[in-house]
Amino acid sequence: MNNLKLVTNDFSGAQRSRKNPWLQGIRDAASERLRVLQLPTRKTEDWKYLKLEKLLANDQLDAQSMQELDSKSVEDIDELLAQSFIDGLDAYRLVFVNGVFVSQLSQHDSNPYSVLFSAASKAQQQLIVDHLDTSHNYYHDYFSSLNSAQLEDGLLINIPKDCAVDKPFYIVNLTIGEQPKTSMMRLLVIAETGSTATIIEHEDAPLKHTGMVNTVIECFVNDHAHITHSRLQLDESVTSICSHRVRQGAHSTYQQHQISLASKLKRNDLTVALRGEYASADIRGSFYGRHQQSIDNHTCMEHIVPNCTSNEVFRGLVDNEANAVFNGRIHIHPDAQKTLAELSNKNLLLSDFATINTKPELEIYADDVRCSHGATVGQIDNEALFYLQSRGVPKVEAKRILSLAFIAEIVNQLTDDNVRDFVSQRSSSLFATLQPEGAQ
Amino acid sequence: MLNITNLKANVDGKEILKGLNIDVKPGEVHAIMGPNGSGKSTLSNVLAGRDKYEATAGTITFGGKDLLALEPEDRAREGIFLAFQYPVEIPGVSNLEFLKTSLECLHAYQNKPLLSAVEFLKLAREKCKLVDLHTDFLKRGVNEGFSGGEKKRNEIMQMLMLEPKLCLLDETDSGLDIDALKVVADGINTLRSPDRAFILITHYQRLLDYVQPDFVHVLSDGQIVKSGGSELALELEEKGYSWLESGTEQSANPLKV
Ligand SMILES: Nc1ncnc2c1ncn2[C@@H]1O[C@H](COP(=O)(O)OP(=O)(O)O)[C@@H](O)[C@H]1O
Ligand SMILES: [Mg+2]
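Going down the list, the protein sequences come from chains B and S.
If you use the numbering used here, the first sequence corresponds to residues 312 to 751, in order.
If you use the numbering used here, the second sequence corresponds to residues 161 to 417, in order.
Far from chain S, some chain B residues (derived; all Cβ distances over 12 Å):
| # | residue |
| --- | --- |
| 1 | Leu348 |
| 2 | Phe396 |
| 3 | Ser432 |
| 4 | Lys433 |
| 5 | His442 |
| 6 | Glu674 |
| 7 | Val680 |
| 8 | Ser740 |
Simulated crosslink set (DMTMM-like; lysine to aspartate or glutamate; CA at most 20 Å straight-line):
| # | chain 1 | residue 1 | chain 2 | residue 2 |
| --- | --- | --- | --- | --- |
| 9 | S | Lys311 | B | Asp692 |
| 10 | B | Lys706 | S | Asp211 |
| 11 | S | Lys260 | B | Asp732 |
| 12 | B | Lys706 | S | Glu231 |
| 13 | S | Lys342 | S | Asp292 |
| 14 | B | Lys706 | S | Asp234 |
| 15 | B | Lys657 | S | Glu249 |
| 16 | S | Lys311 | B | Glu694 |
Worth flagging that the hints you see were computed from the coordinates, not collected in a lab.
Note that the structure is a prediction, hence the values are computed from the model and not measured.
Note that beta-carbon positions come from the ideal geometry of N, C-alpha and C, so glycine has one too.
Just need the whole structure built from these sequences, with the hints factored in.
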């Protein structure tokens, strides 16, 4: 631990020569896109609810140099780290601090499935180059392009054909350091035909340090492959922008549980392309914003071929003056007959000053499809509140219980007991700090 | 124990209770009967402290304390329990969790020792059995998907767990078949003790066949128009409420049972 050195990605200038020259083609292509793409503004439809320029003012988008933590913070970190990881989870643990892999904190002996880009073999390099930024060739946004333009390292998880991985991959990214810093995360998952794996991603800021993370995740779920993916975004102090793209083959399943705490700005773009028949995607999410936080979720289900299923359930909880967005797009292409697509987003406003903008967006170009969507925004049920009070439970506590109950539907579906307990415990301690004066 | 003097109360600005007096002593069972809309539930809601049920005149003291000054949760902690006419469903909160929180809140306030997890579970199972609810109900969301009868039995189950000083039952007997009615009556009788009192709000004599009240009051148009012993309930059963109509100058319309 003592020689723990935290390195943050330096992407100060294009002139600097970057590591891993074999990625240069990826970087160049992204730089090219960046010439045209611009930092989104409120006029950009997809970003209209966020004052992005304002939010990013403190979080620089570039230039970080090597950071060495003093021994005091290393001790602090040691202690906190013990508590930050999910207890009792038997997994291949891969720990990143500010986007940089820290092998001292990781436990991944005998893990033949994952490799850092920087340690990839020639064959793996080829695999990476063949897949990166190809998940959706028609959709590139500013931030993911920025990530690619500055790409030096990343994590490849490659599950061989017909392999069922014995334990989950537990990928942790911690933001640590007094100076706000920007880090990049890049994850590439390639699940070969017939393979099965579970991935648990966990973003945290154990010392509540601020920073920014720009994450790009690409998942290739090939024919008959099954991926279960939990994403825990528990870093309230961190600005985070994540572009997550999934591409599914025939008869594949992709299941995601996303638990997100908002922050000054948290943006999640999830695009699932169902490209093989009988593929199914099951996306569950819950998000919670408080104070002046923002969270912006955009999901897009691309039904490209017939007979696929997508099911999305999102629950949002917004308190104080927080602001949340849920935009769920379902795009059914002309060939995608017999599609079954469902989307539900329920939200609870805990304060009169909180806002939520929820919008299902349907684009249906096939005629033989079943598609349902619903979005609701409500308040805490006063009847339930009174019922609890009449049994001796103070109003604040009653409000806490009902808030937790609202997202319990999502949290309870986390399949791993350890993960579920960890999330339940974290959320109940979070809600313990609910303010008594919360508006009705 | 409970003293209500000249209570007037509004619901949404409309006067519903129009000068009501009741005095309940420890150990007593009072039955309040009366036609629909006479203000029975309004009374129970005012006692439990529900929003929008506003006392405009009169006093309520409970154990010497000014009840109207207390928050609903503090009324519960002082020992008031209302079995709701329409218990609410709370998906996502299990019955067990709910009962545990409730019991902890009450015990902490009353300086009683907290139960261990094992003791609590044992107690909860016992009480389930008493009201003939399968223990699986403990794991389900509060009243979630319960039938009408199950909801009522669940109220009694909570009452048995929380052991309140004053039990208010708002038409707990309505809509119950005879077996469920007996379960409810047994629950009440189990709890009867010299330092506990009951107010049974009911439409029918039925429940009173199993739980003998000390006093019966007839509520009509926001006032107690007649009080008596248990024989009054039988009289009401026989004659309905209309014979009391003349006693209330406010009611111009014939009363319906
Ligand atoms: N929440 C409410 N809003 C408006 N009016 C109400 C409300 N609750 C009760 N009332 C009115 O108050 C009167 C008494 O109702 P209630 O106390 O429920 O009678 P009971 O329980 O005796 O049938 C009725 O006229 C009813 O319509
Ligand atoms: Mg009533």
